[in-house]
Amino acid sequence: MKRRSDLTAGRLAANAFAYGVAIFLLVPTALIVPMSFGPDRFLKFPPSGFTLEWYAAYFSDRDWLDSTFFSLRIAVLTSIVATVVGALVSLALVRGRLPGKPVFELLVVGPVIVPNIAIAIATYLVFDGLKLTGTTLGFVAAHTALAMPFVVFTILASLHRFDADLERAALSCGASPLQAFTWVTLPQILPGIVSAALFAFIISFDEPVISFFISDLDHRSLPRKMFEDIDYNVSPTLAAVATVLTGLTVLALVAGHFAGRGRQASPGACRPTSGN
Amino acid sequence: MTARPSRFMLGGRTYSPAASLLLATPFLLVLLLAFLLPLGMLLRESLFVPSFTVEHYRRVFDEPVYLRVMYRTIRISALVTLISLLLGYPLAAMMARTRGLMLNLLLVAVLLPLWTSVLVRTYAWLVLLQRNGVVNDLLTGLGLVDAPMQLLRTEGAVVLAMSHVLLPFVVLPLYATLRAIPDDYARAARMLGANGFAVFRHVTLPLSMPGITSGCVMVFLLALGFFVTPALIGGPQQMMLATLVQQQVTELLNWPFAGAIIGVLLLAVLGLMIVFHRVIRLDRFVGQA
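Residue numbers (this note's numbering), protein chains in the order written: chain A, 1 to 276; chain B, 1 to 289.
Keep in mind the hints are simulated off the structure, nothing from the lab.
Since the model is a prediction, treat every value here as computed from it, not as a measurement.
Glycine included, every Cβ here is placed at the ideal spot set by N, Cα and C.
Hints may contain errors.
Reference listing, derived: stretches of chain B covered by chain A, where coverage requires no fewer than 3 residues with Cβ under 8 Å from a Cβ of chain A [as the list claims (entries may be wrong)]:
hint: 1; segment: 44-56
hint: 2; segment: 61-75
hint: 3; segment: 78-90
hint: 4; segment: 123-133
hint: 5; segment: 139-150
hint: 6; segment: 163-173
hint: 7; segment: 211-225
Kindly generate the complete structure, drawing on both the sequences and the hints.
See the structure below:
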């Protein structure tokens, strides 16, 4: 039932502008993909040919591979640790009589409110003293803290949507509390847990700021390695790395979308890593 | 919450305070190690090294070099916020009117950049803005300029790239706010004789104020502490707060002063959060849009 007045010149101009903005959001990253297949030493658009040279360079370079696998390991561990830790505290927040609950709620949002540069510098100061820089433990701890708000909010949302009567029914049918949780509650909140794990993975895998400071010479995360390369020698290999990284992110998002059946998984999340 | 039986207390049961604390202990340990303790130690450096002093904080405001960086950081952040709002509002408004496949495509356009590595997006701008890059090709091709311009290491480039990176943060809360406004209001205003602009000016705009505030505060906060994009796109002449802190730490090992700059940044962020905590729906950023 659109009225004619909806389609004024003003509205049309506003829509055209809005589409322009949507394209503006996508274009810079989208242009990198074709450029990464171009043979030009100085990336050109349109590329003057087709080559896989830069991908070959990426996958045969020790430094790039080391940092990629280091980041992958950290991201997988962060994803597991953050999901378990986040699920436990979410249960305490939703179902427990948690003493000092407001303090915990404040702590949950802390890492999104405090600028990443502040967390990064502070973590560097303390980790340097504790000999945690460049270690898997250090990275996983730092990234778990950073992912906490996203993990907890996602799991809380699925707990709040869960129909408690189902669990009550299981209990009254003779299930033990543990059985009821494992067979009734857990499958219900599983989509939320899976998307939380994927969020944590992405947050850790391309976290640039804390990684910048707590990497050391031998253990550099992929974002730290990218940062150095962008700063010192902008080679087309970077375009290949950027394309692979973006592809991985898209894959994780699609997986999250299906895991969450498109509900809470819609990653309408501002991620701490964007604050950089 | 414990007073009335709620659907969140499964099976009518709640965990005892002791059990709840036990469940929250791993969380507490992680945040202690990687959040609270570090921030506490850094602030201690800024105030108690060698003994209690506000000297480091005074230095932040006394020396013109640092004042200039702070002023520039605030100016760039404000500009980025304004640009994000001007670009983001029409997009959010159209998304609020759109349904179906088109809406999903637009959501992807907003969410994909949000989740793409900030380094990838910054690198993309670096490539586009270089001397023989796409933007210069376009400008010379259209005859707008005679020779390729120096675009990188200018404040304009920093503002452009930061606006691009932060734009989704203003679009998402605006979209949520605008979509919650019932169509009836605009229809009623039209029936009373308002034209399109009057409807926007007197109905839509006032009702979307919470979204505007929320998005703008978020973008401004994130911009204040932005590190990657200004560090890579800007030069020394465009240095912002985060790069200054990095320099103090990695090059000069001046922890107390770095701590003081962070202290000032934290005060600003905390102040904004306290003033605007009613409109900032963090769950809207963290979790579901």
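Here's how the hints hold up against the structure:
1. Proximity of the segment 44-56 of chain B to chain A, defined as three or more residues with a beta carbon under 8 Å from a beta carbon of that chain, is not established by the 1 residues found.
2. Remark: the segment 61-75 of chain B is not confirmed as covered by chain A, as 0 of its residues place a Cβ nearer than 8 Å to a Cβ of that chain, below the required three.
3. Here the segment 78-90 of chain B counts 3 residues with a CB under 8 Å from a CB of chain A, which clears the bar of 3, and the coverage holds.
4. Counting residues of the segment 123-133 of chain B whose C-beta sits closer than 8 Å to any C-beta of chain A gives 9, which meets the bar of three, so the coverage hint holds.
5. Only residues whose beta carbon comes within less than 8 Å of a beta carbon in chain A count, and the segment 139-150 of chain B has 0; fewer than three means the coverage is violated.
6. Residues of the segment 163-173 of chain B with a Cβ under 8 Å from some Cβ of chain A number 7, which satisfies the need for three, so the listed coverage holds.
7. Counting residues of the segment 211-225 of chain B whose beta carbon lies closer than 8 Å to any beta carbon of chain A gives 5, which meets the minimum of three for the stated coverage.
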